Amino acid sequence: MAFEQQARTSSLLLRQGKMKRVLGSCLSWLYLACIYGFIFLPVAVLVLFSFQDGRLPVPPFNGVSLQWYEAVFADRKLMAALANSFLVATTSSIVACALGFLAAYALARYRLPGSAWQRGLLIAPMTVSYLIIALGLLAVLNTLGIPLSLWTVGIGHVVINLPLCFAIIYASMGDHHINIERAARDLGASDFKVMTLVTAPMLMPSIMAAFFLSVTFSWDEFIIAFLLSRFDVTLPVEIWSMLRSGLNPKTNAIGSLVFLISVAVLLVLELALFGRSRKS
Amino acid sequence: MTTATLEQSEHRKAWGLVAPALLWTVAFFVIPFLYMAAMSLWSRQGREILRVWNLDNYARFFNESALLRGLTNSLEITLTVTVLSVLLAYPLAWIIAERVPKRWQRMALILAILPFWTSYVVRSYSWLLVLSKGGVINQALLGIGLISEPLEIASNRTATVIGFVHFFVMLLTLTIYSNLIQLSPNYRRAAADLGANAFQTFWHVILPLTLPGVMTGAFLTFVLCIGDYITPQILGGNNELVLPQIIMLQIGRRADFPMAAALSIILMLAVTAAYVLCARWLKIERA
Amino acid sequence: MTASVSIRNATKTYGPFKALDDVSLDIDAGEFIVLLGPSGCGKTTLLSILGGFTTPTAGSVSIGGRDMTGVAPARRPTTTMFQDYALFPHMRLVDNVGFGLRMRGLPKNERDDKAMGFLNLVGLKSAARKKPHELSGGQRQRVALARALAVDPDVLLLDEPLGALDLKLRRQMQDELKAIQQRVGTTFVHVTHDQEEAMAIADRIVVMNQGKVEDFGAPAEIHMRPKSLFSAGFMGEINFLQGRVREAANDGARVETPVGTVVLPAANFTIRKPVPGDDVTLCIRPEHFCDAASHSAVRLGEAHITASAFFGTHFRCHLAPMAANQLSLVAHMPQASAVRPGERIPLALDPSGVTALAVA
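Protein chains in written order, with the working numbering: chain D, 1 to 280; chain Y, 1001 to 1287; chain H, 2001 to 2360.
Please note that the accuracy of each hint is not assured.
Said to hold, decoys possible - List time: in silico PhoX-like cross-link candidates among lysine-lysine, alpha-carbon distance up to 20 Å: (1) H:Lys-2114 - H:Lys-2125; (2) Y:Lys-1013 - D:Lys-193; (3) D:Lys-193 - H:Lys-2125.
Said to hold, decoys possible - A short list of chain H residues far from chain D (calculated; beta carbon distances all over 12 Å): (4) Thr-2079; (5) Ala-2086; (6) Gln-2172; (7) Lys-2178; (8) Arg-2183; (9) Arg-2204; (10) Lys-2212; (11) Ala-2218; (12) Gly-2260; (13) Pro-2265; (14) Asp-2278; (15) Ile-2305; (16) Ala-2307; (17) Pro-2346.
Calculated directly from the structure, the hints in this document are not laboratory data.
Being a predicted model, the structure only gives us computed values, none of them experimental.
Built from N, CA and C at the ideal position, the CB exists for glycine as well.
I would like the entire structure built from these sequences, with the hints used as guidance.
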């Protein structure tokens, strides 16, 4: 009798436990659905109304039309801004990666006096708002009478991306690489050859990661590009000026395009890099 | 003697490698920053800058409520955004790390941060499409007859907060998730083995272990949020300006560079204060 | 190619710490030398000084008669095989092995040919297009060997190259290493802390401790006639028995110990000739306790067996001699003897296996 009762309570407990788990997992999925909804709502609306057959990118949806995409491709200023953004992003990222790699190599491999200070100095721009970096540069450029151009935007973007590149590459320079470089030197490689034939290729995954992250940041950066450019502008600045005309399906179209291109690039990188890392 | 010269030449080589990065940082970051700090102590006369040292700009900041209000608006919005984002992102990261099957986790994570890759300006704009008077939400609510007049949800502080939270939930999910999966499952097993239930395990074991990561993410959120101009400018309307908007007003319409510099320094100090407050949780280390 | 190595009074200090303390050593061309000792004994520092990665605080190194002190690693006729192999992770095996030749300016087809030859030597020719991460630990070790040999060094320096391998693979690689060394004839200087490995491969072993050379000689010599207590203890299990020389002649000496008197040949005193009144330590390996019936045996009364365990080739027993039951000796008993704890057995010693050293 007592045993039976015990058995019954334990099966009840078991059932309660199961109920609790099912309930918990239901709540989890519900939460997941809601938050994904929140995350994707604006993007979905953006893309949907880029196909709007009408002058306003808001409901009701009048039907599918590609007219706004045509308008985007016909817009010479927008296309020029796209090219500018690409140019500034790649150039500034290459410079940031190169400087970051050299500095990381020196600080990870040689014992320099004050290396902690040097690391701190190189990382410092990361903790300062872009707006402040842009203002400082603007003030100096104004005082020196240097005209604003894509070059000045590029300089600003190297300032914000250098700490990032340095930190990523420095973090990947493990001590286990030291013996590999020693081996190369032992086999007769000069310092330059060790760096170009051994260290850089060995760290290529993290150098590429730093590069693509920099490109992303530079590509999307607004405030520095806005304050430090004049006639030639980058894409975010051009889109910004389009916004002044209010809600416009053309803005949806260029926004969707940028999004789709980014996702495509991301997908290719993911497949290429992740596929490779899985093999090893 | 030979070792000394060897060391010297090694040193010279190392300096040669690190010099370009250091010079770049000094020339384009440190000097401009110091110049701006100096400028915040000068004043403006018409369109000219007077190089007389005084604290007038800072005095004006504390006496002019419109300026001071900018800082408090910034702090209020930033703190709300940071707290809300952490509260929304942690469960999401936890569900992805614990409930989603292993092989789908990466996919779920990529999906969760996909809108990251819309252009920053466009992202705020797309919330305008959702929240404005003719936007999706109002139309939907009108359509099902829940309201008869469109709601005022765009062009105010709520809209700014929503726009920010949307962005930072993605960022924080990424950082918290990477923290969660680094934890050995044995922690959870050990806690359960010792009699802790799911909540106790989370509260006493998982949360403390992920706290440094969460705080790092929260600090990053704070820094990026308080310095942002775009989101409040697009979504916030013109009633409650935040500090970056006021700074942009100084250099735009008023051409008051010294005042903009002073406000920037104040913005910096706010970030530094936040850093000092959560410094004990922040860790930046070399792998 | 091959060359002799001579180290004169090498010392390396790190602050107050002496990693290497006045070490002198002469290595013949084509020898397989093993530097043996516990971690921190200075063996790796010595190897690093030979390779040129560390500059000695004092002393000199010459290879093939040329002074090498202060010469950069790349300019020395040495190559190093690193403990973690240090293979270039982004290069195929053939490129790894050919790297040194590339640095010497050999055209691609020539260096590929040569690299393939060396990969063939270590049995990895068919894997030439693979990358290091596709290999097992033993295979990586072979590639590292091929890469180090490809530049035709006079002296190959091996820094615990077998340390990361499991025991079985390690024994197999020892044999291969020895065979390859004999084939190429290069002088090998090999660092390890494993005395079995040292005995398996070395022509001569250098036993090191606390920055100093304790012993230097052929494996059998070091095992049978150690020149220091440390060396005696490091080369395998051993019993130390305190004694005093009672009588000494040209061909031998009588030593009195707590378990009885032992007569030893003079050759068994490795440090100095026996003088009556000297305190000595007798070093007795467990296998040198023998059957009391054999005619060369020195009988030492009886002993209790306090513990015993079967080791396959022998029983390993702990003995307490009746004459001095506070002592505990370790002895190996024959496989067939079926000894049991608690039994009493006659204790006897083969004096030729005993070494007498000065008391520490």
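Consistency of the hints with the structure:
1. H:Lys-2114 - H:Lys-2125: This hinted pair holds, its Cα atoms lying about 11 Å apart.
2. Y:Lys-1013 - D:Lys-193: holds (14 Å)
3. D:Lys-193 - H:Lys-2125: violated (27 Å)
4. Thr-2079: Answer for Thr-2079 (chain H): violated, closest chain D Cβ roughly 6 Å.
5. Ala-2086: Contrary to the label, Ala-2086 (chain H) does not stay out of reach of chain D, its closest Cβ about 4 Å off (not over 12 Å).
6. Gln-2172: holds (24 Å)
7. Lys-2178: holds (23 Å)
8. Arg-2183: holds (21 Å)
9. Arg-2204: holds (25 Å)
10. Lys-2212: Lys-2212 (chain H) is indeed farther than 12 Å from all Cβ atoms of chain D, at 27 Å.
11. Ala-2218: About 30 Å separates Ala-2218 (chain H) from the closest Cβ of chain D, which puts it past 12 Å; holds.
12. Gly-2260: Holds, because the least Cβ-Cβ distance between Gly-2260 (chain H) and chain D comes to about 55 Å, which exceeds 12 Å.
13. Pro-2265: Pro-2265 (chain H) clear of chain D: closest Cβ-Cβ about 48 Å, beyond 12 Å.
14. Asp-2278: holds (49 Å)
15. Ile-2305: holds (50 Å)
16. Ala-2307: holds (45 Å)
17. Pro-2346: holds (56 Å)
Violated hints, listed in ascending order, are 3, 4 and 5; each of the other numbered hints is respected by the structure.
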